[in-house]
Every structure is written in C-alpha cells, then in structure tokens.
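Undergrad: Here's the letter readout for the chains.
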Amino acid sequence: MRFAHLADCHLGANRAAVLRELEAKAFHEAMRRCVEAKVDFILIAGDLFHVNIPDMTVVNGAAKILREVADAGVPVYVVYGSHDFSPNQTAIIDVFESAGLLRKVTRAKVVDGKIKLEYTVDKRTGVKIAGLSARKGGLEQEYFKRLDADATGQEGFKIFMFHSAISEYKPLRLREMSSIPLSHLPRGYSYYAAGHVHQRAEIHEREYGLIVYPGVLFASSPIDLEMQGNGVKPGFYIVDFDGEVKNVSFQELDLCSVVNVEVDVSNLNSQQALTLVLDKLEKLDVKGKIVMVKIHGKLAGGRVSDVSSSVIVDAQVKRGALHVYVNRNQLSAVENSNVKLGSLSVQAVEAEIFKLNIGKVNISDSKLQGEEGIQTAQSLLALLRQSPLPNESKTDYEARLKRDALKILGVEG
Amino acid sequence: MSASAGKTVGKIFAGDINEILIRERRGCSVELGALLVSEFAGMKILFEAVNVAYGSIVTLNECIDIAWRFSEKKEYRLHEEERKFYNVIHARPLAVINENGFSKPKLIPPMFGSVREISDSDLNFMMRENDDSVAIGSIRSGSSQLNTPACLKREAFTHHVLVAAATGRGKSNLVKVMLWNLMSNNKVGMLILDPHNEYYGVRGVGLKDHPDANKMLVYYSMKNSCVNQTLKINLESLKPHHFYGVIYNLTDPQRDAMEIYYHAHGKKWLFRLLADDKPPGDNKINLATFTALKRKLESVLGLRFDAAANKFDNKLNIFVDFGGESTVADITSKVTCGSKVVVDTSDVGGETELLIGNILADEIFKFNRNAKDEGKLDSFASVCIVLEEAPRVLSETEGDNAFTRIAREGRKFKVGLIAITQLVSVIPRDILANMNTKIIMGNELSTERRILIESAAQDLSKNDHIIASLDKGELIVSSIFTPFALPVKVPLFEDYIKNFMKPKQQFTIDVPG
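Quick mapping for you: the protein sequence lines, in order, are chains A and B. The first sequence begins at 697 in this note's numbering and counts up by one. The second sequence begins at 12 in this note's numbering and counts up by one.
It is possible that some hints are incorrect.
Under the rule of at most 25 Å between Cα atoms (straight-line distance), these lysine-lysine pairs were calculated in the DSS-like manner [to be verified]: (1) A:K841 to B:K219; (2) B:K278 to A:K990; (3) B:K278 to B:K377.
Computed beta-carbon distance windows for the label pairs [unchecked claim]: (4) B:K387 to A:E717: 38 to 48 Å; (5) A:R728 to B:K278: 34 to 44 Å; (6) B:P264 to A:D846: 50 to 60 Å; (7) B:H276 to A:L980: 24 to 34 Å; (8) A:Q850 to B:K423: 49 to 59 Å; (9) B:S236 to A:Q850: 13 to 23 Å.
If the Cβ cut is set under 8 Å, some of the chain A residues that face chain B in the computed set are [as the list claims (entries may be wrong)]: (10) Y865; (11) P867; (12) L868; (13) P877.
Note that these hints are calculated values from the structure, not bench results. For every residue, glycine included, the Cβ atom is placed at its ideal position computed from N, Cα and C.
Build the full structure now, drawing on both the sequences and the hints.
TA: Take a look at the structure:
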C-alpha cells in the first residue's frame, strides 16, 4: 500500500505571475505523479493555501486539480496550516471539504480538559489517521500540551498529521520559530506526517515512528528560492507501507533552476556597485532561470536606492531570466556626517555641508562636481534667497529667478 | 515565632564595643545565635548571642565543691542559689536599628541596661519580598523562627552566591525554596544544572507545581517523558574551548589537535575528528595524541563513528549530528528573557554533565557580553546559573572554563553563579572573594568554617561554634547586600509550597479545527 505526503504548498503565496504559474504547476505535477504512482491516499500536512481565503484564481486552479484527483478515486486528507487556518472553520479548506475535494482529519472531543483525537479511517486501506491543526503564531502548542492521543498498543497502521516545528529538530536559522517539544507528540503512530518547516527531514526517534517533513512543494518566499539555489530541491514523499513503513521515497519537483548570486559592494560608491553587480550577472547564464541577487556591504558613497533593483531586474529579464529577486537588506550607505560649526558664518557652514556631501550626488556633469559644483550650488542658493523687487509681480519674479538659475547652470533657457 | 519574643532576658553587666556580657534572667534559657535587642534613648541595638556560659559570684573551687556535695549528699541545698549562680550571655552587636533602617553600631548600651528577645516589629525595616528581592526563608533567632522573611536583593544573584554546607544540611531544600520564590520574577533568568534531577519534580512536588510554571519553567532531559524537552545538542554547536577546563587531563597537544581540526574544518571539526581513524597526513598531530584525544571525546560525548554504516553509534543521544541545532540558542534566549530552565543531567557522567553546562554557560555569557557592547544589556534579564558540586569546575586544577570566567567577570554582564559546595577550601581565593553572598549552613570541618569566616562579608570571627551547631535548615547569610549576617531558617520545601499551590483549574477549550 502506498500514500503521498505533501505539505506547505502555499498556493497563492507568490504575486509575480511567473512564480504563481510555477506554484500551480508544482501542485498539478505533484498530484499528477501521485495518481500515476497509484497512491491509495494523499496527505497534505497544512498550508495548502497561503491564506485562508485566497484569490479566486488560485482557488479555481486548485479546485480543478483536486477534482481530477477525486475523480481518480484518491482521497486527500488535510490539516489546517498556520497560514490557511480559520478559527471558526470558514476557510477555503472547509469549502473544499464540503465539496468533497478533501477531508480534514482533525476530529476530536474534549474530555476532562484533555483533547482526545478521533480517527478518520481510510476506507480502502483501513489506515487510521488523526491530526491536529495549526494556529497562527504557534498557538497550537497549548493543544499539544492537552493532547491525550497516545496510540501505543493499538492495532493497525496509524498516521498522525500535524503542522508544527519540533524544538529538538528546528534548523538553526529558524530558532525564533515557535515549536513543540518532541515529548508533546503522541506516541505509538506508525508515521508522523509533518509540515510547517520548509526544510526536508526524516527523523527517527526512539518511542516514535518515522517523523517526516517534506519541505515546500515550490516556494512561498525568497528564502525558499535561495535554498533551491543552494541545491535543496522541493518536492514531496511517497511512502510504501504494509503494517509498517517499508520505504520512503522523496519525489523532487525540479520545475526550474534557481541561481544565487551574492555580491559584496563594500567601499564602492553606488555607481560602481551597480556596475559590479551587472558585470557579475553578465557572466552567468540566466536564461529560463530564477535569479536571486543578494547585494551586501557598506557603500562608500551614494544611496542604496541608486543600486537600482529595477535596472538589475530589467537587464536580466532582457537576457531571458524567468524572474529576478534583488535583496538589498544587508546593503547600507554612509550616513551624512555631522558638521562641526564652531563660529563659522552661514555661508561658510553651507560651503562645508556642500563639500561633505557633493561626493554622494550621482551626477556626470563636471560643472556640478567638486569645487565647481560647490560654487554652483552656493550661487543657486544665493539666488533663491533673493526677495521680489519693489513692484515686481509674482509672475515676473518667478520668471526672473528661473532665467537666472538657468544661467548659473549654463543651460540655455 | 517564639512565645517569649520581646521578653526581657537579662541585664548588661560588662563588656565592650565588640561584645557585651548579659546576666541571664532565671528561666530564660537564651540559645546560641538568639537575636536580642537593647533599647535606650530612642535607639535599638541588635545583638546576637555568640556564647552562653556559666557565671557565679563564688570561686571556681567553691563551685567544684558544691557540685561534689550535690552528687554525694541527698539533701544538699544551696543558699541564695539564684543570686549566686547564673548564666552569662556573650552577645555581639550586629546593627543599630533606626527609622531609616540599619547602621553600624558605634556605641554600647548603658550598664545594667535591659536586653530582651527580638520581635517581628523590630524588623519592620527589613527588606520585603518584591520584584527586587527574593525570600529565602525566615529570620531566625536561635532555633526559633520569626515571621519576618529573610530576603536577598535580586542584584545579589549576579554578584554570585556560594552555598556552603556539609552533606545532609538541606542545601537542595534551600535551593528549591529560593528557586520557587524566583519563579515569577522575570527579571532573573535561571539555568539550573540538575545532576540529581531533584528540582523539576518529576516524582513528587517540585518547581513544576508553581502557579507560573507553565509560562516560566522549561525542563530539558535526556529521557523522553511528556513534560520535558529532549536535550539534544548538535555537534556543530561545540567548539574546542567548550572542552577546556571541564574534561579531565586534557593535555596541551590534545588541545592543539582540537584547534587544528577547528581551523581546518570550521563547524564540522568535531564530526571530522570523530569520523577520522587517523590524524591528517601533514604530521601536525601525533598519532598517539590523536588516539588519546579521540578516545576522550568519544567517552564524554557518548559517540563512536561506525565507518561501515557511515553514521554514529550514539549511546547518550545528547550530542547529535542531526537535530539539536537551536537547543543552545533556545536555552540562552529563554534564560535571558527571565525564564527558568532546568537541565536534568542525572543520567550522564560528571564530565558530560560539565560539558553541557560549560556550553550553555559560555553561550549565555557571550550573549550578555555582546548585549552590553551593543548597549542593550538592560533589555534582558539578569541570569543566574545554579551549579552543584562547584569545585569540579571552579578549582585551580582544571584551568579556565565558562564558570571561572563568569565567577571572575560575570558581574559586569549580569551573569552570576549560585555555586553549591561541601568543600570551600578547594575554590581559589580570588573566586571566593568574588562571591559576594555566602550562605553558610552547618559544617563540622573547622578548616572549612575558617575559610568561610575569613571570606565572609561581615565579621563572623565569633560565629565559629554557631556555624558548627547549625541544624538542618538553619543557615547564616553573609552578603554585601545584607545589613548584617542574617540568621535564617529555611522551611521544608514540601510544606512551604502548600501556601502557594492553587487547585488545578479545569480548562475549557474548544476542539481545535
């Protein structure tokens, strides 16, 4: 007998059309492979959708795929994830359940303050499935504390589905993520179908069966894409069992390549930084790929915004990149220095400020650079200080200022 | 409190600024360590009975003769027995009690002034339990317990606390009471290294029964029960210096070998060292050194690499190559935010336990030091690490480790130790000097008492036999944060917590979707 285990599809997470298309394609491909592999049922351990009521296009696409799976006679069992959860069961998951496209396995009752889970039994295989939904912000931890769902000694193949990180197995980069201790998982299940952590893991622990995180099906954030650029493939599991787990096989979904590019632009000015980034990208084959560009360092001059994301993105798209993401979170610029005034005159103070900051202006006209630039700026400032002449109308005043300003800038009016 | 509190016990008849002599009233029976008060001219001076002796107005030879007569003659009676024969209480001044609190005594009460037993109203200005102070028991007068709580300032915990006692004097009980009273205080985080698994309350009552345990207490253990987090530490969390000062007899060549591997392999240094069957071929590491080092590491980590299976055979399942990546960061985060983390190390050997403690202490110290550098230290709780059998890591023989660094520098970074020991004599003097609060429990060894007395924050030179006579649960707190050496009685933990435990609430919860 066989089943598939997916999690964290996050349908609707991506805004960019190309990524949304890949997201839907990943889900479609996964379902297609499940049907092709003749799985007896499919488990989706939370976050099928990125929000509890997604965009209707996303809903429609998912509904069509799940309809095909249902028509092929393959039941789909789910739990809420932290994203597609609804406190009063009015999420799209519930609509899909009403339509017979999937089934939540989270039936439970409260007895003496303890949560006793009730099994959903798969008709074809007799497998007993119990699950606990996630809530936002890891609030399901309270449910786990009150869980009374030990299955030790019970007959048959049993699956526990949940959508939480396990404290003892959280990756270091996710150390801030709320999680449940391993000891809060109920014992005695043959397989633990997990979700929430976007990193694949097969955990063997004494007193528990196999605990599996399949990771994401595609990507719901730039971090997921970066991990793919580092060689971590998204996908899902197909599990063969017969009384106990016989084989777990990870099915990679390699829908497109992701390239990570990291550029250190420390001590360059913004113009030089942009040039370096573009040059580095020029050496790579980006055609048909998702390009993740990370720019970091402290600029010697210019602004962070001058290392223009749109210029970078446009250049790579022109070269055939599927999608480009530019991360400048670790990029910073030199702050404006404080000017020590002492007993300088106003003009001297102005000159000092111009002198300190003229290097940060990204301009190619030599008249506006260096000493000449400082003088030009001071002249303009002096002009703008001029009050209207006696009997000079507002229109004449503005016209005069404009004419003189253009003269200072050496531009024909 | 004793029924005789406030009762006059005698009259002063001799003495000086260091000690007064009191003729005890008949029938009073003042105990060693009793707190006494002399009131005069609107002032109160607090005394402590440091000795009780016989006194008489007849000579010693006459007393011997009288004793013989009593023993040999059936109907011998003394003439003016009450006038001639009495007890003398030797009392040391502790403090002057005034409206504003306490001050050092600089004068003596009048000759023939009355001395009475202390009462709770005399101690109205004692520190009360609040966010800035922690109750550790009640003020004690002799063997009687007053109602006034004995409190330690919160600050004392980052200035280090030494708990010194012979075996069976109630150290664990004291620490449990202290931890219980600290539980709700989110300005002090605690890391409790528990080699006897006695603090959480896995079997019986413990910290888990505190009303705030749910939000303030975390329990790590190797065992997998439904109440704990499983203690797992990823090998990549370990650095060579974590082993220094906690692994017995680590030689210099062995340390060098660890550094060479760390330099070559970064975070994977330990994995590589354990997986290699011989040192790298560049001759930097001698084969004998490598073999001995690897054996030591395998023993302390409980790991052996099975080359055929290409995985570790893991006896302890604490140090792992998969999982446990965020354990150290998690524990650090919790304690620096005021939580209390108990780490059960009862199932591992001494060196493994110390290694675990050293890793955690090192991370906490580093975290606070970085926070101070960034000007953020005040945003975090003070941290106190409870360390049993402290000489294992604080003695001179093993060299520096995170605990000795904390003992010497931790104060600056709001990290302190509660070091528990039977043997103060093996703790280096400079570390002892940094422990600004000494909780002294009964100790029969005069050498140990002498070291405690010499390093105390107050003059305890006359307290040697008081310390020797301390019963289980009785202690003296000598601290730079107390106005005088406080005599304290610690209640039995199981009885103490009955006042605090609430009946278990019935929770109503919605069935999760």
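Undergrad: Against each hint, give a clear statement of whether it holds in the structure.
TA: Against the structure, the hints:
1. A:K841 to B:K219: Given pair A:K841, B:K219 holds - Cα atoms ~14 Å apart, limit 25 Å.
2. B:K278 to A:K990: holds (24 Å)
3. B:K278 to B:K377: holds (18 Å)
4. B:K387 to A:E717: 38 to 48 Å: holds (45 Å)
5. A:R728 to B:K278: 34 to 44 Å: Since A:R728 and B:K278 have Cβ atoms about 40 Å apart, the given range 34 to 44 Å holds.
6. B:P264 to A:D846: 50 to 60 Å: holds (52 Å)
7. B:H276 to A:L980: 24 to 34 Å: Cβ of B:H276 to Cβ of A:L980: about 30 Å, so the range 24 to 34 Å holds.
8. A:Q850 to B:K423: 49 to 59 Å: holds (57 Å)
9. B:S236 to A:Q850: 13 to 23 Å: The hinted range 13 to 23 Å holds for B:S236 and A:Q850, with Cβ atoms some 20 Å apart.
10. Y865: holds (4 Å)
11. P867: Where the cut-off is 8 Å and the nearest Cβ of chain B is about 6 Å from A:P867, the hint holds.
12. L868: Where the cut-off is 8 Å and the nearest Cβ of chain B is about 4 Å from A:L868, the hint holds.
13. P877: With a minimum Cβ separation of about 4 Å from chain B (threshold 8 Å), the hint on A:P877 holds.
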